[in-house]
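*Asks:* Throw the hints in and build the complete structure from the sequences for me.
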Amino acid sequence: MKRRDYVSILPRSVAFAFLAPAVLFLATFLIFPVIWVLVISFTNTALTGPAGTSPSFVGVSNFSQLFNFARWMRLGEFGNALVNTVIFVLGSALLGQVPLGLAIAMLFHKRRGLSRELVFSLATMAWILPGVAVAFAWIAFLDKDFGNLNAILSVFGISKIDWYFDFPLYSIILFNVWRGTAFSMLLFSAALGNIPPSFWETADVIGASAWQRFRDIIFPLIRPNLFTALILVTLWTFNVFTPYLITGGGPLYRSETVSMYTYRIAFKFLEFGRGAAVAVIMMSINFILATIYLSLQRRRSLYGR
Amino acid sequence: MDVKAIFYKIIFVIFVVLITSFFLLPILWLVAAPFSAQATLRVTIPSVVTVKNFCAIFRNTFAVRALFLNSILIAGGTMFGVTLFATLAAYAISRLNIRGRDIFAYLLVLFSSVVTGTAAMVPVFLLLYYLKLIDSYLGVIFVLIGGLLPTGIFLMRDFVESLPKSYEESALVSGAHPWQVFRDVAIPILRPGMMVLAVWAFVQAWGDFLIPLIVIRSPSKMPAPVAIYSFYTEGGTPVLTLISAYSLLYAIPVVILYLLVNWRYGFRFFGGIKGGGK
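Protein chains in written order, with this note's numbering: chain W, 1 to 305; chain P, 1001 to 1278.
Hints are computed from structural coordinates only; laboratory data are not their basis. Watch out, some of these pointers could steer you wrong.
[As the list claims (entries may be wrong)] In silico lysine-lysine, DSS-like type, Cα no more than 27 Å apart, as pairs:
no.: 1; chain 1: P; residue 1: K1004; chain 2: W; residue 2: K110
no.: 2; chain 1: W; residue 1: K160; chain 2: W; residue 2: K144
no.: 3; chain 1: P; residue 1: K1132; chain 2: W; residue 2: K268
no.: 4; chain 1: P; residue 1: K1009; chain 2: W; residue 2: K110
[Claimed, not checked] To spell it out: a stretch of chain W is covered by chain P in this simulated footprint if at least three of its residues, at any positions, have a beta carbon under 8 Å from a beta carbon of chain P; those stretches are:
no.: 5; region: 63-76
no.: 6; region: 232-245
Heads up, the beta-carbon is just placed ideally off N, CA and C, and yes, glycines get one too.
*Replies:* Right, dumping it as structure tokens:
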């Protein structure tokens, strides 16, 4: 190591002063809440009623209520929300966003021009426009009598479908594919751009087919990005709340995900003890996903990629 | 062109049309309905283009205040805080020779991924309740800053790492104080990065719905995404003319900022960042 690496541009005292505001915010709004939510989850904390003034320790009863297997699969219970969430994540993240994003990135890999600009801009818009605005647009899009989706399907002779009542979970899956594909698209697009041109030239010389190119060049080289995308998209989809603005978790809790369930228990029923128990479970799942993501990242940097 | 090439071309065109429709059709309503006198959920090209709906919104003081005061205060305050604190922190992390820098980065990603969404709002709401910050702009802004800072620090770190240290070192040699070096040498070079960070933080805070929904109680402080849910008749039916026009007005700043960033820097990936907000 060279000597100059030890020349410190910032003296420690100044550096810590620079770090102080960020550390204060992170400690208050990220680290402290994790510890506190654990404590609350073992109490009957509420803002109203007798528990509001003096919450008491209730042991694991909040958790055992959630996992009361006699009733937990009923509509509106935790098990129902958990199953919905698994379907929602599998459908919209793993089967929807990631493959679609990869397909778009590959299709436009070596193309420039209007069609690429159009598709990339529209997908990015879907990703960054405010959730409330796009939620109203989607309510209109999926409407049984006036919606665009049924209008288009009627061209193909498909009669009106009541998306909200008959397929609420599929509706929010479709919405979430629309909403989030841009991330995978941009990630894979950048990854494909990093493949050295000589690889393509070699493939051209030996006359490799499209499938061979995918199997032998694209897939091995973007595999790390593929895992990154799968984990991150799963993590975000698991926590996403925007679909609530379209179905409200309804009808009759049939499209309620865990994140909507948490909202209902904590902020509609104001049962913070039970809400905290769900939050602890959600954060544990987040923790597992984030740890997998970070260990993948670490292994990648080990290989210098 | 041989037959195979034409075949591929057709397949390509079909795919592009399908993808474009998939991304375009759901938001067509947002650009058509606001200009129609009787907006329904149907998307039609209005036979008579009207700006009546927008006039109605501008006459509604509650709606104007939500969009042009409350939303701007919340997004602006968050933008200011995130940009300032993330730049300071990223600079310090990058320029401080300290063991455990990587651990710090590791923990930052971990905590920000774990404490997110509605799950995070359970303890955060109670925290704000005891800090007496419920129903205040500051409450919303603080929570947003806390949620956006980790990603912001990461984003800024990439920019700071690409800044050569020699400029700062020569300034130090000529006797400048580290703060002066930061202000007069580092900041001017980091400005493009800070711009991107500021736009990103603004868009995240502008679009956030969950935090103000939970934290803000009084109508006079509601930002646009919460205020829009008051455009319902007493019977509970949404007034679609107002909702569509208001949604469009609310979405336009994001479109403008996107175009600005795309034109100025090219919309691309800055270290694989998507804002999570909360």
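*Asks:* Hints first: check each against the structure and report whether it holds.
*Replies:* Now for the hints, and whether the structure bears them out:
1. With a CA separation close to 19 Å, the supplied pair K1004/P and K110/W stays within the 27 Å bound.
2. A hinted pair counts as satisfied when its Cα atoms are at most 27 Å apart, and K160/W with K144/W qualifies at roughly 6 Å.
3. Proposed proximity of K1132/P and K268/W is supported: the alpha carbons are some 20 Å apart, at most 27 Å.
4. For the suggested pair K1009/P and K110/W, the alpha carbons sit about 14 Å apart, so the restraint of at most 27 Å is met.
5. Residue count for the region 63-76 of chain W with a Cβ under 8 Å from a Cβ of chain P: 0. That is fewer than the three needed, and the coverage hint is violated.
6. Counting residues of the region 232-245 of chain W whose beta-carbon sits less than 8 Å from any beta-carbon of chain P gives 8, enough to reach three: the coverage restraint holds.
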